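Please put together the full structure from these sequences, using the hints given.
Chains as they are written, first to last, in our numbering: chain H, 1 to 708; chain F, 1001 to 1296.
Calculated directly from the structure, the hints in this document are not laboratory data. The structure displayed is predicted, hence computed values, not measured ones. By construction, the Cβ of each residue, glycine as well, lies at the ideal position given by its N, Cα and C atoms. A couple of the hints might just be wrong.
[Said to hold, decoys possible] Computed cross-link-like contacts, DSS-like style, restricted to lysine-lysine with a CA-CA straight-line distance of at most 30 angstroms:
id	chain 1	residue 1	chain 2	residue 2
1	F	Lys1242	H	Lys52
2	H	Lys29	F	Lys1166
3	H	Lys506	H	Lys409
4	F	Lys1166	F	Lys1242
[As the list claims (entries may be wrong)] Over 10 angstroms on every C-beta distance to chain H, these chain F residues come out as not near it, computed from the model:
id	residue
5	Met1014
6	Arg1077
7	Arg1137
8	Ser1145
[To be verified] Which residues of chain H face chain F? A partial, calculated answer using Cβ under 8 angstroms:
id	residue
9	Lys29
10	Arg30
11	Phe34
12	Phe40
13	Thr43
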Amino acid sequence: MIFSAPIFLYLVPLAGLPIVFHLILKQKKRTLVFSTLMFFHRTDPKLNSHRKIRQWLLLLMRILLIVFILLALSRPEFVTSMGLGGKISVVAIVDNSASMSELSSYNNDKSKLECATEGARKLLLALESSADAAVVLSVDEPAVPVADSLTSDTELLLDSLDKIRPTAATGNAGHALALAFELLRASTTGGGAVHVFSDLQRSEWGRDLEQAKTGGAPITIYFHKVESETRDEANVAIAAVQFPEEKVLPKHPYTIGLVLQNNSDIVANVRVNSIDNQGQRNTENVIIERGRAKTVEVETKPDESGYHWIKAWVEGDGFSADNEAGIGIFCEETATVLFGGAPEEFGVLAVALSPSGQGQFTGMVVKFSLPGQLSQTAVREEPILIVTTWTGMQFALADSVWLREYVEKGGNLLVVPSVRLGRRALSGQLPDWLGAGIKAREVYPRGAGLEVLTEETTFWSRIREATANSKLESVIAYMFHPLALSAEFTPLLGVDFQRVVIAHKKLNKGNIFVSGTAFTSRWNTLPSSGLLVVIAQRMAVAGSSSEDEGAILFVAGERPRGIRAQGGEVEVLSLVGDSMDWKGKEQEIPAFPRAGVYLVTAGDKKYCISVRASEKEGLEEFVEGSEIPAMGQIAHKILPYDESGGFEQYHKGQAKVVELYLPLLLLATLALLAEGWLGAPRLSKAREEMTVSRESSVLDTAAERRAG
Amino acid sequence: MVESTGYRYLPPRMAERLRGVEIGVRRPMDGSHQGLHRSPAFGSSVEFAEYREYAPGDPVARIDWPVYARSDRYVIRRFHEDVSIRCYIMLDISASMKYQQDGALQKSEYACYLAAGMMYVMVQQGDMVSLITFDDRIRQYYEPSGTFVGLKPMLQGLEKIEPKNKGNIEAALHSAAELIKGRALVVVISDLLEEPESILQGINHLYYDGKEVTLFHILDPAEMNMSITGLADVTSLETKDKITVDFRRIRDAYLEQLRLYLDELRTGLQKTRSEYILTETRTEVYDAILQRSRMV
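In structure tokens form, the structure reads like this:
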């Protein structure tokens, strides 16, 4: 027997009220003498005690009336045998999403997940040995094998439950239900019961669950809702990880943005920690207004090329399961910046890019090539940036197609005026795809202030981060060629928008930077301000790394997509976070339930997977009421979690649930009718009429006798 | 004439009204004096009884000579003998007779009035009367007397009656049958609240012993129509047993049982040709006696 609204059962003691009223209002008896008891003894014994019996019957009917009504309101269900040999098939779905790691209100010493696994354990232990069962998780757990059929091996299932650990993921409830239905449909009974142990968080159970189809199979679904302990602290989650669109080079600082979201109605004061694989630690205290987000930067400086990781986490809030993120990055080899021309044509630009020339400080080395040999040298050196002069672009016209392909594949191109360039504008032809040219040089002996144009660009934001917003407004140009730009260009620096000095445009995966000023102190104050170093290096590392195709970032619980092993084996290795050492086919790659960085080798290709905790799991939004709207037409029952409730009741039979609501209402009606019949005054009246009639006959007879 | 004004149960007004009332009997009675009632013996009354063949020893004067003249046979004409009878008033003094609910008197008081009235009527018409009180056995017996003087101790005895014991009518009637010799009128005044079968056993004993029995069945109106209502712990006056009774609920069943009881009693009494008068304590005593008077 299962009660959907057991609160009414607590009112059952009210059924004793008629007894109380009976005792209080009990009719007082008097004492009298009578000549003989002979006639009373001669009457039918029932008549002597009739009143008493009637009273007790009335009392019983009233008690039954209350009991039946309360039982009906508690919506009991009787689970009858399915008629398939009495075999029982059960699937226990354990919600192991991150929200379940919070303390339960059922037992303050246990998390909701511990309650759920304990409930599932008791459910399985209550099964007969012949019963078939399976355990399904809402978040795939590599340590717990995915059930492909029901089993009667309870020990195996209990062992699976033991392996369930808290995750940082949002569960896929629809997938878990669909798997449970599929298992039951494929079972020998063709149906059965699904028991879901969950907190019914809306992020999982508020979405469309109708993808799970019972297929007409007799399946009964019970949700054992584990209530959450009320949280009185703020909750901050890592809602996103922002990777800058630039290449990671050895010794080159790389700053990653962590977007922190305060999901609560309380101002959060938390500490953000990070550590990378080189042991570099960062800690920052952050105050976030309620409901707001804030971006915190985490910097790393890889010493050498290869895969690196950063682990970031938040401390000091009320819910920790959504506080962690793993960040994987690939650091390239020391990169080459290829200059097309003589060193003296580029001023201090080469030094700004590689002060030592060997890449010790910036991860870049500079090399020079004749403009006519630029393509050959570039094929050999695979530079990340090609710097050439406007004149050099004219010389390289023959290699224009190659240069365009270089940029489109992700290379960066910087075109600057040669220090030796004259006053006039270029007379020769430039490639059309470049989309820019220079006008006649303008000279300002006293200098013209250069301003940041189009401030809200990634270029400038990165530079502001690097320079802490200093010196951007104190650059003065003494001479420059105003740029003639196509509409695709974004002006970055100039006197005004008519006299743009530096501009940028993207060409497919690569970037084209054009400058109207040379980088010497004769032309402007950039070399002396130090800003040149930042600008030049930003230009060099702009764009994605060649390994970025293998960088995958997702939220815990998701299954990685796009990994192609070409028929080979896939191997997963944990760099940081949840320990994992997995090998298998590409279609069987497990979901990653916890935050961390994982290196996946699929054939000859490698993927670096960064996993962060799901920011939805900290939301205190749960399905309330007796139904889950997202279940649509799928019949189900929500029951309050009670591990002491005895799960045997669910196994006495299954699949065919008989609601006792109407029968109990019918019984209550019958009790009411019986009570009305027993208590109806017309009965007494009829008896009295009958008695009067008989009395008359007695007296008449007596009168007749007297008369005779 | 008895000094009626001095007796509680025979007030002057009642005695005055009873004057002239006669109580008859159906069966021939034994009697030693000339009276109103037929004797089983032949005597010297004017009422012709039968002819009998003359037998040696019969007085010659009794031969009916006209018959001899017509038939040449010696026959003797015989006549009924009218005698005064003995009447035994058996008064029930068991505890149940103390009951009074709706009636004007206790049943025992009413019975005493009735007994006194009957005794007065019997003496007045020249018969002898005796008073016997009983409950579970005969308690007091007064020798029959045919005078008002002889009636005096009985009337005084009535005033001393105190019903208190359990009754046993059958046993008392058996005792009375042994006590009363010859043919006599036995008037039983009782509430008869015992099983009809046992009562009839006693009545039969009297009847087959040659007695003529008259029963005055005294009941309180409340016993007749069960006017009591409500729930009560009822105590029996005789046995002191208790029972909880809801009178309203049990009334029809009670009356049904009363009807069966009375029917059974009447049917049994018809077999012994006994006179049965059922009377409530609110009926006038005179009327009850008059009712008996009119029966025979």
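* Asked: Checked against the structure, which of the hints given earlier come out wrong?
  -> none
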